[in-house]
Structures are given as structure tokens and as C-alpha cells.
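Number of protein chains: 2
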Amino acid sequence: MPNVSPINRTNPIGVFDSGIGGLTVVRALKKILPNEDIIYLGDTARVPYGIKSPEAITRFAFEDTQFLINRKVKLVIVACHTVSSVCLSELKKSFPVPILGVIEPGARAALAATKNRRIGVIGTQATIMAGTYERVIRKIARQDVEIVAKSTPLFVPLVEEGWLDNDVTLMVAKTYLKSFQVEGIDTLLLGCTHYPLLKGIIRKVLKRVTLVDSSTATASEAKAILTELGLARPPSKTNKKPDYRFYLSDLTPNFTEIGKRFLGEPIRECIRASIAE
Amino acid sequence: MPNVSPINRTNPIGVFDSGIGGLTVVRALKKILPNEDIIYLGDTARVPYGIKSPEAITRFAFEDTQFLINRKVKLVIVACHTVSSVCLSELKKSFPVPILGVIEPGARAALAATKNRRIGVIGTQATIMAGTYERVIRKIARQDVEIVAKSTPLFVPLVEEGWLDNDVTLMVAKTYLKSFQVEGIDTLLLGCTHYPLLKGIIRKVLKRVTLVDSSTATASEAKAILTELGLARPPSKTNKKPDYRFYLSDLTPNFTEIGKRFLGEPIRECIRASIAE
Chain A
1 MPNVSPINRT NPIGVFDSGI GGLTVVRALK KILPNEDIIY LGDTARVPYG
51 IKSPEAITRF AFEDTQFLIN RKVKLVIVAC HTVSSVCLSE LKKSFPVPIL
101 GVIEPGARAA LAATKNRRIG VIGTQATIMA GTYERVIRKI ARQDVEIVAK
151 STPLFVPLVE EGWLDNDVTL MVAKTYLKSF QVEGIDTLLL GCTHYPLLKG
201 IIRKVLKRVT LVDSSTATAS EAKAILTELG LARPPSKTNK KPDYRFYLSD
251 LTPNFTEIGK RFLGEPIREC IRASIAE
Chain B
1 MPNVSPINRT NPIGVFDSGI GGLTVVRALK KILPNEDIIY LGDTARVPYG
51 IKSPEAITRF AFEDTQFLIN RKVKLVIVAC HTVSSVCLSE LKKSFPVPIL
101 GVIEPGARAA LAATKNRRIG VIGTQATIMA GTYERVIRKI ARQDVEIVAK
151 STPLFVPLVE EGWLDNDVTL MVAKTYLKSF QVEGIDTLLL GCTHYPLLKG
201 IIRKVLKRVT LVDSSTATAS EAKAILTELG LARPPSKTNK KPDYRFYLSD
251 LTPNFTEIGK RFLGEPIREC IRASIAE
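The listed protein sequences derive, respectively, from chains A and B. Counting in our numbering, the first sequence runs from 1 upward without gaps. Counting in our numbering, the second sequence runs from 1 upward without gaps.
Incorrect hints may have been included.
The list cannot tell twin chains apart, which means a pair is met if one copy fits it or any two copies do.
[As the list claims (entries may be wrong)] No more than 20 Å apart at the CA atoms, straight line, and that leaves these computed lysine to aspartate or glutamate pairs for DMTMM-like:
#1 K178 - E161
#2 K223 - D243
#3 K174 - E161
#4 K241 - D37
#5 K178 - D167
#6 K72 - D37
#7 K93 - E63
#8 K223 - E63
Hints listed in this document are in silico derivations from the structure and should not be mistaken for laboratory results.
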């Protein structure tokens, strides 16, 4: 990691995602690091990234990171699974602050949870086709581990439609997930920021499987990193509440409504961000 | 319409869409206007438009149209329902060639098909929320007509997943469409470029309803406009086959596979387009 001298522990944490799914990471951060200011950037003008080429994704990711760096963040969390999978190491080499993706924390949490060393992974088509979770889990595992990875592309539109628990979503979940029962996994890694909202329905299909949520795992690692670097913010002596700022590259009509679903509470204000202009 | 002097009847027809759904319009054009060269532009780097703000959509639409104008098209077809609904009249005022959207042709075809003057309209959330189909149908109708409009946002991801005829898609179709039976429509307008691929499953739910497909209706109106303006291309005397060129702002990994589904035949070559650079 290059020079980090301008970083101060009162600086905010920066989080970016292609859209608003990354708000599940903010939700977890607020719980696990309640003293920290957070700046969120959602690239809603170019969402989704998962269906785009590695070149386009890399260019977008550099622009998003620069946007947060310009706002003096002490840590960048790449909440986007696609970016974490496609170009995280290039980002880490190019910017002077620690950068944390969602893949490694999720992989470590899944390895910590499994007992029979059979792990299932679900994600968007881009995430699964890239094979990143499998590669990272094997690299961290050191011993043998069996991984079954499946893409579940309809889960994102179902969450965005708000069909979190109805017959259609249950049937889609059964179609995608039932083979995991035969394959005998004991742990399922939810490899997409949208999926924590489907935990209830996934549990109906896979009753005895431990669900590992990358958003929560990433927030826990962010705490470890900040503590390690002496950059964690202590509680305010004046009882000042932490500041949360939400930037979007396009102010979409129903952001507030859908955003609330992901963040778990209403979003008061959203600022239009010019990322690439 | 401003000055059209540089237009020649051997020039190509230009078609643009936010992504690849507009290939259903190209498919209809090839059938209805078999002598014409066609240039297709899919803005796959910024797809989808439907979830973005009117400002962003308008900017993207001007850039897409300019891209086609630079390639000397004699007619621009806006295959994107969102653009047709948000800023078609602004485009028409700003460019020196005829510009045709998908909304008016669809509306006219639905009015021609209905006998009981009760028309259903389905589309993405953006299309339905904008209320454009209702407004246009009423304007063209002159007499009373009853319109029931519903958004069916999961149809697009289901088509892209390739689930054109399975139990999940049937259940989604029933959930979205069954109330149309009670409402007694005799005609359903498919207000999205993806929906023609779901005609089979929609017919299972609405057995006695006439399905009107905007892509086919738009290709028919394109023929009428070119004929009227003396710009239709006569059959080649040398038996030269027409030229079809496909530009995408991002060359996505599985474009060829999904594109084939929409176009109805394989796509040989795709060119990367720099729209906004």
C-alpha cells in the first residue's frame, strides 16, 4: 500500500457500489462501527456493472474510487462484488488508502462457518463466471474444500420488485437452490449485496444450511483493519451523531423507497454525484 | 422536421436501444423491409435506461441519435420504450432526419385491433409510471377507450435468463396478468422490446386476448414513412444482400448468445461503439 500520511481517524469511511445494493454493507457498518462517518457512492447512472466488460468495469471502478478519495476517506470499501472480483488488486496498487473488497471477507467467514468443508456460493452471472469466490476460498483454505457455485440472476430483480417472500420467489429459490441439498453443503455464501434481503426465503429451501452474508463479514473486517491501523474513531465526547452522506450518479425516481429496503431505515437526503464528467 | 437534403434512399436505417431488446425491431424490419441496410446501436455500457432519471435518459438519447446520424442514416428508429416515452419530441426537433418511436405505432395497432375498446398495456415500471401509452392511445382514439396499464418488471430479467416457457415464468405471468381477465380487455399491447419473446406464455394466461407487439407495428410504420418520403430502397439489381451492422457501447460477454434470441438468427460481428467519449 502506498503512502497513507494524509489519513486521519476522524475521516469518513467510503463505500461504493454500482447501485444501491451496497447499502446492505452500510447497514452492517452502522451496527459494527457505530462511531464512524460514512460516505456512500452508488453509480446509478451506469448500474448494473455485472453485465459489462472487464474494461468498462475497471474504468468505472477507478472513477468511483477517485470520487471517494477526493472526499478524504480513510478506507474504501468496494461493496460491489463485480468490481471486487474484476479489478480489486489494480485498485489497491493505485490509491493511497486501504481498499477492502467483499469477496475475501465473505470467503473467510464461509470457511470459518463450515464443518463438513462443503460450501455453496451464489451470485450474479458475472461473479460466478469469473470464479473468484472459488479461487479465493481455495487460496485461504489451505486444506481441501469442496465448493459448489451457482448463478442466481433473478434474485436481484426479485429484490428490486420487493417480492422478498411470495410464491414466485419461493419457486425461483427452489429452482436455483434445491440441488444444493443433494450436494450436501452445510454453508451457503450469499455472494451479492442484494441477497441478504432474501435470507428468509433461502432458509425455507435450505433449512439446515448456515447462511453467510458478505456484507456483515466485510463490515467486521473493516473494523479489524481500522483498529489495526489505529484509524478507528472513538465515541464522540460531545455526543455528536455520526454523519452519513449518500451520493448517486443518477437520482432515480424510486431510490428513497428501494434504498430504505436495503439500508433498513429511511434515507433523508441524496446528492447527485458527477463521477466521470 | 428540419432540412433533409443529404438523405438518400440507399442510406441505411438506424435503430437504437438502451441494450439488445431493440433487436426485436430489427427482426421485424428485416421481414417487412427486406431490401434495407440497417445500423443497430445498443448502449450496453449504460443499459438499462428505464431505472434512470429523465435528465440522464435525454442526454443518453441525444448521444445515441448523434452516433447514428454520423453514420448517415435516413431514418432513426428509437426502439427504446423509455426514450420514446421520455424525450421523443425533443429528438424530433433537434435532428435533420425523420425519427420514429415505438409508442405511437404500438398505440395505433392496439386501437386497430380492439373491438370492445378495452385495451391492456404492459411495460417496465418507467414506461407505465410515465403514462405515455395511455396518453397517446387516448389522443389517437378520438372516441372513448378504456385502458388498463400495468408494470411487469420481472419479464425483462426472465427473458434475459432464457426462461421463456417454464413454471416460474407462467406463475409470474399469472400474478401480473390475471386481473386483466376480470377487467375484460380484448387486446393487450406489449409495451417493451423484450416482451414479444413471451407471447407464448402470455397467451396461456390470456387465451382470448389479441396480443399487439410494438416491434412489428413500428417496422410497419417505418415502411409507410419511407414509402411516403420516396426513401424506400428498391430491390438490388445485382442481388446484393442488405448490410446489417451491430454497434454496442460495451461488448458484453454473452451478447452473441442473448442477441441471437432477440434477432432470431446468429449475429456474426459486433463493433464496439464510443458513444459519449
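Taking 20 Å as the upper bound on the Cα-Cα distance, should K223 and E63 be classified as within, between, both, or neither?
For K223 and E63, neither the intra-copy (25 Å) nor the inter-copy (44 Å) Cα distance is at most 20 Å.
First find the shortest C-alpha distance between K178 and D167 inside one copy, then the shortest across copies, and answer within, between, both or neither for a cut-off of 20 Å.
Classified as both; 15 Å inside a copy, 15 Å across copies.
Is it within, between, both, or neither for K93 and E63, if the alpha carbons may be no more than 20 Å apart?
within (15 Å within a copy, 34 Å between copies)
Pop the pair K241 and D37 into one bin, within, between, both or neither, using alpha-carbon distances up to 20 Å.
This pair counts as within: shortest intra-copy Cα distance 9 Å, inter-copy 62 Å.
Copy assignment of K72 with D37, given that the CA separation must stay at most 20 Å
within (12 Å within a copy, 52 Å between copies)
Alpha-carbon proximity between K178 and E161, which holds within one copy, between copies, both or neither at 20 Å:
For K178 and E161, the Cα distance is within 20 Å only across copies (18 Å; inside one copy 23 Å).
Regarding K174 and E161, is the shortest C-alpha distance of 20 Å or less found within a copy, between copies, in both, or in neither?
both (19 Å within a copy, 16 Å between copies)
My question is about K223 and D243: at a cut-off of 20 Å on alpha-carbon distance, are they close within one copy, between copies, both, or neither?
The answer is within: 17 Å in one copy meets 20 Å, while 58 Å across copies does not.
Of the numbered hints given earlier, the model fails hint 8 alone.
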